[in-house]
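Respectively, the protein sequence lines represent chains F and C.
Here the first sequence is numbered in the numbering used here, starting from 1 and rising by one per residue.
Here the second sequence is numbered in the numbering used here, starting from 1001 and rising by one per residue.
Where hints are given, some of them may not hold.
What the hints assert, rightly or not - Computed cross-link-like contacts, SDA-like style, restricted to lysine to any residue with a CA-CA straight-line distance of at most 25 Å:
#	chain 1	residue 1	chain 2	residue 2
1	C	Lys-1458	F	Asp-377
2	F	Lys-327	C	Val-1200
3	F	Lys-90	F	Trp-118
4	F	Lys-247	C	Trp-1063
5	C	Lys-1025	C	Trp-1063
6	C	Lys-1458	F	Ile-154
7	C	Lys-1025	F	Asp-377
Hint data in this document are derived by calculation from the structure and do not stem from the laboratory.
Residues per chain, in single letters:
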Amino acid sequence: MNRIKINTLILGSLVVLFSPVINADTNRALEAWKDFAASSGNPDHQKWVDEISKPEAIALAKEWKDLRGYDVYDLMDKVDLPADLKPGLKITAANMGQYPWLKDYLPATLLAKLTADWGHVDEITIVPSNTYYLHKGYLKGTTALRDQEIELQINEVGELLYPDGRYAMMEAPAATAIPFLNPKDGMELNWSFVASATNTDSLHFDPIEMVSCTPASSIDVDYKADLFWMHFHDRQMVEPFGDVADKDEFIEGGALFMLEPNDIRGLAGVRQRYAKAGIEDDFKVFIPSLRRTRVLTGSDAQDPIAGGLDLTWEDWRSYWGKTDPSKFEYTMTGEGWILALPETGYVYDSFEMTEDRCNYKSLEVELRPVWTLEIKDKTGKYMYSKRTTEIDKEFYYSQYHITLDPRGNLFRHWADIRDWRPSTGDAQWRLVVLENINAKRSGFLLLDSQWNDLANDVTEEQFDVDQLRDFK
Amino acid sequence: MKYSTKLGITITLIFFSCQIMAASKSWTMNGRLKQGGSVMYDLDDQSATSGPANYLGEFKWSWRPNRQLTVIGNAWLRGDWAPSGDSIHSTTGLADPTSAGFLSGLPYHINEGNCNGSANNSVINTHCASSRENRQFNDLNEVLRELSVKYRDKKNRFSIKLGKQQRGWGQSDGLRLMDVLHAQDLRERFVFRDSDELRVPAFMISADFNFKKMGIANAFEFIGMKRPVFEFNFTPEVHHSRFNINNPNPSTSGGSSSGGAFGLPYPVVSDPKSNSGWPGFGFDIRDKSAKRWSFDDAEYSARLKFDTLGGQATINAFYGMQDLPTMTLQGGTLIIGNAFNNTSGAGTLAIPLTAQDVATVVNGGAAGGGFLPTGAGGYLTFLRDLAAGTPSASPLTDLSGLVNGVLGTPICLDPTGLSVFSGAATVPCSINGIVDLDYTHRQKVLGFTFARDLGDFKALRLGPKNTSPTMRLEVSHEFGKVFNRSSVVGPATSTAPIAEALGIVPVGTQLGQNGTTETGTPVFGQLEEYIITKSDVTSTMLGFDFPLWVPGWDTQDKSIFTSFQFFNIHTYDADKGLLQQAPYAYTVVPDDQRYATFLWNAPLDHGRLVLNGLWIRDFHNDGTFYRQRVDLNYFGKSWRPRVEWMHFEGDGEAAPIGLFDDKDFVEVSLTYQF
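Start from the sequences and build out the full structure, keeping to the hints where you can.
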């Protein structure tokens, strides 16, 4: 018996002695997920644990934590949370009344889905909070900004510049960096959000399925397309590294090649964002019924990408508007915590749709720390009088994006699940819950992200509409 | 192996191939099945009736085995259930000798399922055609829309696309200025359908060279031409535009024909001076095409695409073949035994004539001259004398006397069939002029296009969403475009081969001709050297596209796409008298021909109800066209019902609108797509 006690003491001493080493191989998010996976028994949860347990993931999480000065659990330590807001809690229409705090943590648009007869959600399950971070290129660029003491400026027309006036988004290190890790105001927050871009050098959905349902929960429109995105400067993760040739005026670009339905098959569009303020996007479309390329005005980014969809070019990645303080007012209205969809799309689908694909049997959510950015229209001529974006304090990307129409009514709601790779930190997308609250139309984007050989898969070919037209 | 077994194996293989292909992301497959039915309500000689019932089945697939290669296939089978489902049955035919001034046409029935062309049938039944030309377009060239392979260089320096394909050039919609790489298939809705369905695909080798990637862009960039890309196309397979003619002439090569509602009307054969039709005179219309596959007649085209002045520009050059014809007289046939140009009946005799002979029969000879007997004036003189109340000798009567070799005892009745003008003649006769639709002339075009978003001009930010228009400009110059003349001064003298062959005159004898100025149909009775000429043509289009958000319409969920274009087509030396398009558009080319178009597309009710309108105005010919489409996308992604209305208003024989003045219709179609 004594012998056992002595061994226990020795073992305990060793644990205490080597605890820093053990902590370097894990983090609190991982530990929370291990516990949760063990209790849920869901093999998908265990797969996720396996993914975030990879040494590269743990190391990257630590480096970002060091750079930011915190991770989600550090922030969590500083707040009082409702006692029953814990992983494993399942929320339904039947029990939602037991949790009066829900209205403070779930956006009203999502909370309403528990009782709505359109875009309905049967059950919402809370899972442990992850620790998120961007890819190594952003780590390198943001670290360089800090180490070189580069203080980026925002000028009166809303451009993000180096102190000597060069465009920040066109050259390293700021082209792939979070310009303001701890934003002080709305404009800084806006730029940190904009700069996080897609958090990948190249992106390809093969395909993206874009669906919109009627209020009666039948699919109204269902499009499929190949969608590409490219970060043009200071590329760190995917070849071509550095700058993409011949993109010396553009920051980034998106391209779309429609596959279904047949009547718009072959429609191809390329939209590229100029760095300079006041110049609208370069927007060219190949129209198969004409077999000809048309230049479209970049000033009309408010049109749905396709008929019946609640997705405009300005809503891509929740917000792809061009920063313009003459038209919009950018305000950081606060910070706090919300329950948001987890970015687990790389490993498993944390949602289950109903058979009609217009409602959900289940959604998972996790607790996230956010800043709130409000972008108000000053012109009265924009499709949204106000955009409200909950921007993740670890990920610098939106967790929710909710808009009001020009009359001040709730209009569109965006929430997404990223296809995020913990071991590299880069991300594409898996699901976007996209809704038109005014019209009671639920919808979604279901995205099949391609990760293999992105260097050869996404090239300048897709950003020249005269080549893209023969893509498939 | 039994046929059914083979069929079963084939279907099984296709099914499993499709499954395998569908499972792979490197393959795509799409298609559609469409059936339409229409009502035509403005026909000149007929009340509202069922019109074309077009059908279409299309299959597209692509295979992208790797980033360097893309293989694309596209095939369709289409047609019109005519004559079964198409009740249009009347159109204008050959001149009716019993009508006043011979200006009415003999009843010519199209879409007649039972017409047999027999001379023993009634006149009506001998002038009919089944429209089976439209029943199914099923030869390989009509079915295969694309079969191409595209190779891209890994470094994006160049790409080459080879195979059956189509390429669109230019910035204009509706009218073609620089979009001349392909001929057009005008058989179903003439030019009034989507341009990718109009173009006749051809085998091409197309190459794009990115000068920037190749390291040779500096010189271009120095003069402000950014991102230059050079495109070169070699097209050894040459097509000309295709159309069906509502041709009542049964002795035409291949017989009478009908293109249904959108067949081109048979030319009104009339003499403007006497204001009378030409009874007994028809045209046998033949195609004279460029070599289908050759280096000699191959088409070459190139364009340089570059960014400049905030927009995108191209400089284009095309050296190809004309895909619309000129018309030239090549010979003729004297038909003895039938007054209505029908050679198929028993006892009819067809006597071949040369172009010179026909020209002489038309124009006649001076008094005492020519191979015709003294005083015979030819068709024109005959008609004019008749109109003046002083009948002269019938040219057919005189001609039959010659060709029978029975001089002094001509047997053909005069063309009116009234023996009072024909002496002792007793046999009904008629005559065909054989004309070529000649597509063998070269087309040489240089052009420039420019398109630009005007968003950086703050003053042009318009409407409730502050949107701006885009501008499109296109200019083309065609060198030496070949025209038929609208006005011809006939020769004062000419030879007469038939008279020479009969030994009436020595070879080479110049015989007197009337030498007068002729317009209208008589022009086609002249020899080629007198009726073909060339002029340069400069065409300009200025267009603006604008996404319209309607002020005060708060719930508008998508902009209305609007597009306005203005065209000016300037023809140099037009005052020398040029025909718009022989023989189907008799209008005379003005110095400047102007068109305007307006297109609007309004998706409503979340894109489920789509209204699409197209208005075209032909200022010179006072022609107006309007097309309204209503798409009812309420039935999921596979079913696409559409209502389409087309309205034509314009002067007859004024292409492209006036030709179809009475062909207004409403079509309902249903498409299943996958």
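How the hints compare with the structure:
With a C-alpha separation of about 18 Å, the suggested pair C:Lys-1458 and F:Asp-377 falls inside the 25 Å cut-off, and the hint holds. Proximity of F:Lys-327 to C:Val-1200 is assessed by CA-CA distance (about 49 Å); at most 25 Å being required, the pair is judged violated. With a CA separation close to 21 Å, the supplied pair F:Lys-90 and F:Trp-118 stays within the 25 Å bound. Our distance criterion of 25 Å between C-alpha atoms is broken by F:Lys-247 and C:Trp-1063, whose separation comes to about 29 Å.
Of the pairs offered as hints, the one joining C:Lys-1025 and C:Trp-1063 holds, with about 9 Å between alpha carbons and a cut-off of 25 Å not exceeded. Distance hint between C:Lys-1458 and F:Ile-154 is fulfilled; the C-alpha atoms sit about 23 Å from each other, no more than 25 Å. A distance of roughly 42 Å separates the Cα atoms of C:Lys-1025 and F:Asp-377; the hinted pair therefore is violated under the 25 Å criterion.
Of the numbered hints listed earlier, those contradicted by the structure are 2, 4, 7.
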